[in-house]
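S.K.: Given only the sequences and the hints, what does the whole structure look like? Please build it.
Chains R, B, F and L, in that order, are what the protein sequence lines are. Numbering of the first sequence is given in numbering that gives the first Met the number 0, commencing with residue 0 and proceeding in unit increments. Numbering of the second sequence is given in numbering that gives the first Met the number 0, commencing with residue 0 and proceeding in unit increments. Numbering of the third sequence is given in numbering that gives the first Met the number 0, commencing with residue 0 and proceeding in unit increments. Numbering of the fourth sequence is given in numbering that gives the first Met the number 0, commencing with residue 0 and proceeding in unit increments.
If you're looking for bench data, these hints aren't it; they were derived computationally from the structure. Treat the hints loosely; a few may be bogus.
[What the hints assert, rightly or not] No more than 25 Å apart at the CA atoms, straight line, and that leaves these computed lysine to any residue pairs for SDA-like:
hint	chain 1	residue 1	chain 2	residue 2
1	L	K144	B	N127
2	F	K144	R	R249
3	R	K169	F	K1
There are 4 protein chains.
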Amino acid sequence: MKKIRVFVAGACGKMGQEVIRSILKEDDLLLVGASDTRHQGMDVGFVVGAPRVGVDITGPVESEILRSTQADVLVDFTNPQSVFKNSKIAIMSGVVPVVGTTGLDEAEIAEIQALVKKEKVGAFLAPNFSIGAILMMRFAKEVGKYFPNVDIIELHHDQKLDAPSGTALKTAEGILEVREPMVQGHPNEYEKIPGARGADIGGIHIHSVRLPGLIAHQEVLFGGLGQTLTIRHDAYSRETYMPGVMLSIRKSSDLTELVIGLDNFLD
Amino acid sequence: MKKIRVFVAGACGKMGQEVIRSILKEDDLLLVGASDTRHQGMDVGFVVGAPRVGVDITGPVESEILRSTQADVLVDFTNPQSVFKNSKIAIMSGVVPVVGTTGLDEAEIAEIQALVKKEKVGAFLAPNFSIGAILMMRFAKEVGKYFPNVDIIELHHDQKLDAPSGTALKTAEGILEVREPMVQGHPNEYEKIPGARGADIGGIHIHSVRLPGLIAHQEVLFGGLGQTLTIRHDAYSRETYMPGVMLSIRKSSDLTELVIGLDNFLD
Amino acid sequence: MKKIRVFVAGACGKMGQEVIRSILKEDDLLLVGASDTRHQGMDVGFVVGAPRVGVDITGPVESEILRSTQADVLVDFTNPQSVFKNSKIAIMSGVVPVVGTTGLDEAEIAEIQALVKKEKVGAFLAPNFSIGAILMMRFAKEVGKYFPNVDIIELHHDQKLDAPSGTALKTAEGILEVREPMVQGHPNEYEKIPGARGADIGGIHIHSVRLPGLIAHQEVLFGGLGQTLTIRHDAYSRETYMPGVMLSIRKSSDLTELVIGLDNFLD
Amino acid sequence: MKKIRVFVAGACGKMGQEVIRSILKEDDLLLVGASDTRHQGMDVGFVVGAPRVGVDITGPVESEILRSTQADVLVDFTNPQSVFKNSKIAIMSGVVPVVGTTGLDEAEIAEIQALVKKEKVGAFLAPNFSIGAILMMRFAKEVGKYFPNVDIIELHHDQKLDAPSGTALKTAEGILEVREPMVQGHPNEYEKIPGARGADIGGIHIHSVRLPGLIAHQEVLFGGLGQTLTIRHDAYSRETYMPGVMLSIRKSSDLTELVIGLDNFLD
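M.R.: Spelled out as structure tokens, the structure:
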């Protein structure tokens, strides 16, 4: 079996390290390069707390390095300042970028799209690599056809600044695409204390719980005649994202188009 | 064993009927009378869907009837217009009122208190007969000493008008009595959509879910270092209240003071 | 709009009554007949606690009655002794049977199948009319592809005799169709008390909780790296099944084949 | 304020490190010594990933070292081979041992008890330092008086070998102390697949879920007429135990008796 050759940009960040640890465990993936602004020249194993790997941390992503490593895929968990440039360099070097870094705007995505077409080299962008969360959103959209009444409860650690979470908003938007416009609850319902009924997005109520101890959890609660159907996802650590990243690497290695969203790689 | 003799006022209402059905199943309780504005003269069994009981529905609660039935306890699930008068008649007739009807104001309660002292006949008032809900509130108050961070999620059918529920408010108030004043969550947290963080009462956030299918549920969620502790009560039907009503009847039968709240009858 | 004409067999049973109450609320459905061994000759409204409907309860299902009512669909919630005969009569009368009664054996189903082909009149059989439970099983099967590790917890009232529930078994069987054969848990795990790890079906563990107060609930709990995904269905009353029955009536009214399972009528 | 002086034995183990990190954050506690078989002579800060602390790791716990550091408390998270000796040395040196290490047998505990009496120096032993778990068990025992029907579901990662968990067994034993002997469930209930109803301890059913992703969770589910009451504890990390260890240090610093169990230090 030919192994998929992977280059990781942002190798010393929390996600980058986790990705490298995961790649090292997979038989069909081969780590061929790693770059970061930190620890340049050191062996990757030192950075991720593993034995010597034989791959040194290099500086900025450049075409020459990518080509010399014969990488198939560039996994990018860098930062909003670097991701656009890195993605273009990858495509022009014949390497498929698998991008987890957020911060690409619409114009940049359009430019990547154009480059993909011109070079006939694919690219993959994902705002969320959690297979569990993606399935939750997919199912929620499916249930919404049969049980239009739904509340979303998302629960996070108390250091999270924004409420509701991006995943909760995206879940609600997905359901709103399939259900008929409607008002939930009794038309005369009222709040004795403002905010009790949560954030209202298109009639769907989202409730944001913030507590120490919690990590990242979401419950989508559908109600119908005499029953409820609940879909819940609990993420306990950064490892949550690894099966999604590994799947993306595999599915992207010979990609020739731009694909956005992990959902496309799930059957 | 001498049975406790019980008179039920509001016998044909939903709660009254349920109370009667429960009394008929208990070996140590004896139904001796039942009153209502409806179905007067009919056998109680007919009203509650049971075989003939031998007790007819009578009209307004009067001292003479109470005395003739030699009732020990008057269970009152009537309405705000009748409950005060009924309670006074009971006490003056030497019968302990067990009151589940809401609507007594402070002046009326004070008057009942005075009457209890004068007549040396007790009275029991309870806003909530659910033993499970009472225990939930008691435990919440206890946990609050160790885990001051708490969010409350209450979930009800979508015909409920007010949010948050009375039980959720009472739970929060109980916790606020024991925990030090504090702000929960990150000081810089913000709502992208108003209401996301729920109703704020003294820094505790309450979230009200309303969906068809749901009945009456509450979850009190405490967060601490690396852990959460959750207390949840699910009420599925009116039967929920019956063990609390039966317990109250037993504990009230020889009461000589005014007692408010089922909590006082739990060890 | 032409209304769908529905005949209900087993009209006075608990499910039959519920079905009739539901049909009476739907604009596109018309109750044209109702049969039962009880209350023959009485108006259906009396039986289900509604105002006069204008349809009397008749005796055994017969071709003549079905034809005279010009029924499109025969909903059967009778008993194992009647369901086979009723279904055949319906098909031969040009009426599509919608069967919720259990007890048809394989030979009988094959005979129905043959009759359907001969008469070119469809038939619909469903062991479960709960849309929520069907979706739960469908999703479970989908998740099993990505998260092969799964435990099932089913929770029912304590009057249920058998454990695990039929739905739990069916859920497990569905997952086993898609996941690779595997052993779950640590190879050296052991039970200090027998039964702790539940019932084992193909490596999936099923846990049956039985408690008063509970109704019918199931949780399918998938575990993966750093995360869990949970699908839970709570059924609180017989009403749970009505949306599924109504959907089946609509989808069956012009059916010309044999269809087994509500899943086929969900997109 | 005089700070409590703490010596940590087993400083380089997972729990020891966590305890040291916690002590360093507390204003009223002072780390005065740390011992381990590993890293002797190195600064404690190096071991726990913190800046220099000024306390070096020393070898075996000895009276001389304890006295020279003027420790008030010896926190012991060593191993079954060392804990008994360490505890005796501490008591004889006038230092209160706070023991989290398991493995003391009855004879050893009796000997510690005798030594405590003789020396008038206290000792504290705890099998579980999780305040949340202790409260869960306490509440469970309280609920058992009112709702005798209970099932316990405990959920752990799939590397756990034994089932049910020690906490589940202890929870059940606590409930059995307060409830009347009884059989739960229907007298005629049967298992279609053995184990479905879980482990039976005195009529209480315990269900052990094992899945990757899970950490350590337990749900105690009480059922009564028309309702359920649930107490759930989720432990997400080793940090869970720290508030209990810190509380124990504070409560033990001037202890003059033997105390067993964190429950004694909660109001």
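S.K.: State for each hint whether it applies.
M.R.: The hints, checked one at a time:
1. Between K144/L and N127/B the alpha-carbon distance is near 19 Å, which keeps this suggested pair within the 25 Å criterion.
2. With a C-alpha separation of about 16 Å, the suggested pairing of K144/F with R249/R holds against the 25 Å cut-off.
3. Between K169/R and K1/F the CA atoms are separated by roughly 40 Å; this puts the pair beyond 25 Å, and the hint is violated.
Consistency with the previously given hints fails for number 3 only.
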